[in-house]
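**Q** Chains A and B, in that order, are what the protein sequence lines are. Residues in the first sequence are numbered from -13 upward in steps of one, following the working numbering. Residues in the second sequence are numbered from 153 upward in steps of one, following the working numbering.
Keep in mind that the hints were calculated from the coordinates and are not lab data. Heads up, some of the hints might be wrong.
[Stated by the list, open to error] Which chain B residues stay away from chain A? Per the calculated CB distances, all over 12 Å, these:
{"id": "1", "residue": "Ile222"}
{"id": "2", "residue": "Val225"}
{"id": "3", "residue": "Val226"}
{"id": "4", "residue": "Ile228"}
{"id": "5", "residue": "Ser230"}
{"id": "6", "residue": "Phe231"}
{"id": "7", "residue": "Gln312"}
{"id": "8", "residue": "Leu314"}
{"id": "9", "residue": "Ala320"}
[Claimed, not checked] Here chain A is said to cover these stretches of chain B; the calculated rule only asks that three of the stretch's residues, wherever they fall, bring their Cβ under 8 Å from a Cβ of chain A:
{"id": "10", "region": "163 to 170"}
{"id": "11", "region": "178 to 192"}
{"id": "12", "region": "197 to 204"}
[As the list claims (entries may be wrong)] Using C-beta positions, here's what the derived DEER-type ranges look like:
{"id": "13", "chain 1": "A", "residue 1": "Ile77", "chain 2": "B", "residue 2": "Glu311", "range": "49 to 59 Å"}
{"id": "14", "chain 1": "A", "residue 1": "Leu45", "chain 2": "B", "residue 2": "Pro187", "range": "19 to 29 Å"}
{"id": "15", "chain 1": "B", "residue 1": "Ala190", "chain 2": "A", "residue 2": "Gln5", "range": "15 to 25 Å"}
{"id": "16", "chain 1": "A", "residue 1": "Gln5", "chain 2": "B", "residue 2": "Leu232", "range": "45 to 55 Å"}
{"id": "17", "chain 1": "B", "residue 1": "Val220", "chain 2": "A", "residue 2": "Val147", "range": "34 to 44 Å"}
Because the structure is a prediction, the values reported are computed rather than measured. C-beta atoms are modelled at their ideal positions from N, C-alpha and C, and glycine is treated no differently.
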Amino acid sequence: MEPLTDLELVDEVRAGNRQAYTELMRRHQERIYWVARRMVGSHADADDIVQETFIKAFLSLGDFRGDAGFYTWIYRIAVNLSLNALRKRHIVDYLRDSELARMVFPPSQENPHRDLERKELESRLAKAVGKLPDKQRAVFIMRYYDEMSYDEIAYVLKTSVGGLKANYFHALRKVKQELKNALEV
Amino acid sequence: MRLRFDKRQPTDEEEETLSRSLRDLAANDPPPQSPEPAYWQNLPIRMNRTLDEATSGKAISLSWAARVAIPGVVAILSFLIGLRYYAPESDGSLKSLREVTLALPPSAVDSLYVASLTTTDTMLAAAVETDILEVSTDDVGEYYLEHAGTSTLVSDLTEQELREVLVALSSHID
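Take these sequences, add in the hints, and give me the full structure.
**A** As structure tokens, then:
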């Protein structure tokens, strides 16, 4: 028997079949995990984002109109959650580095475990990608790793196609240069 | 910041060439460590558990509180505070107060005078406008509560409203 398509499974979920959603999660969890992991760098953060993505998707399944595929739709949720996580991290890092934060939160109260894990798990390529600005990083990941079309990337980032190509090309150059530098050390 | 003057869109071939050279460069770079197979097996179970919690009654009531109840209470409080402190003064209440006062039966008007601590039932209408100003606003408020109904109830009459009542009363007596 042919396995159900994503859209058929979505209809099943809407009809109250939770098992169908488990099947959707199994089908896409790995790819969603990797986009989150490449965006945020650490396993723990990626794990949080994967869970949040599928919960958010389940709760807002009523908003899914099917004009894009289910996978592209949850991919967009995952990218947005990753961008939010990065934004929060930038704020935390900024506050942590500030003079006031050093006075209020001594270094012992930081979470060195997660930072260490983040550094250990990153490959040199991932580190180079991690130096890109957040949105450019998202474009790079979608194009380089997931080989998405510019139309799909534009849908995910809610932006126009114009400029994405130049943005990606610029990102490619920067990552290549960073990787070269890292390999020479 | 460096300015880039090259606004030409890269061609597909240029992109492909650069992408391939990066892949070649990264070929010897070890891929990031993937989670254990058990992680993938347990992930849907954990997500289902979280989903159960998210869709349970408690979560729904919390989400209902967050989306409906709390904004509702805030809106009502804002309205009441706005009404109390920011509502523009209009003479609508004064008119209705005056109308109600004028519509009161004579016996009720008499009882208002009698109830007052500073007026007497022998007081002349001419004296009303001066002496009756000492009538307690609380007394008048209570009086309206009993005789005028809640639509014109004024628990704390302002000085201006009290004056309006007195003028209306005096014209009633005349």
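**Q** Confirm or reject each hint.
**A** Each hint tested on the structure:
1. Ile222: Holds, because the least Cβ-Cβ distance between B/Ile222 and chain A comes to about 19 Å, which exceeds 12 Å.
2. Val225: holds (24 Å)
3. Val226: Fine: 23 Å to the nearest Cβ keeps B/Val226 off the interface.
4. Ile228: holds (27 Å)
5. Ser230: With a cut-off of 12 Å, B/Ser230 remains clear of chain A, as the shortest Cβ separation is near 29 Å.
6. Phe231: With a cut-off of 12 Å, B/Phe231 remains clear of chain A, as the shortest Cβ separation is near 31 Å.
7. Gln312: holds (53 Å)
8. Leu314: Given a closest Cβ separation of 56 Å, the condition holds.
9. Ala320: Its Cβ never comes within 12 Å of chain A, the nearest being 59 Å, so this holds.
10. 163 to 170: holds (count 3)
11. 178 to 192: This one holds; 8 residues, not fewer than the three required, reach chain A with a Cβ under 8 Å.
12. 197 to 204: That given contact holds, which follows from 5 residues of the region 197 to 204 of chain B lying within Cβ reach (below 8 Å) of chain A.
13. A/Ile77 x B/Glu311: 49 to 59 Å: Cβ of A/Ile77 to Cβ of B/Glu311: about 54 Å, so the range 49 to 59 Å holds.
14. A/Leu45 x B/Pro187: 19 to 29 Å: holds (25 Å)
15. B/Ala190 x A/Gln5: 15 to 25 Å: holds (21 Å)
16. A/Gln5 x B/Leu232: 45 to 55 Å: holds (49 Å)
17. B/Val220 x A/Val147: 34 to 44 Å: holds (40 Å)
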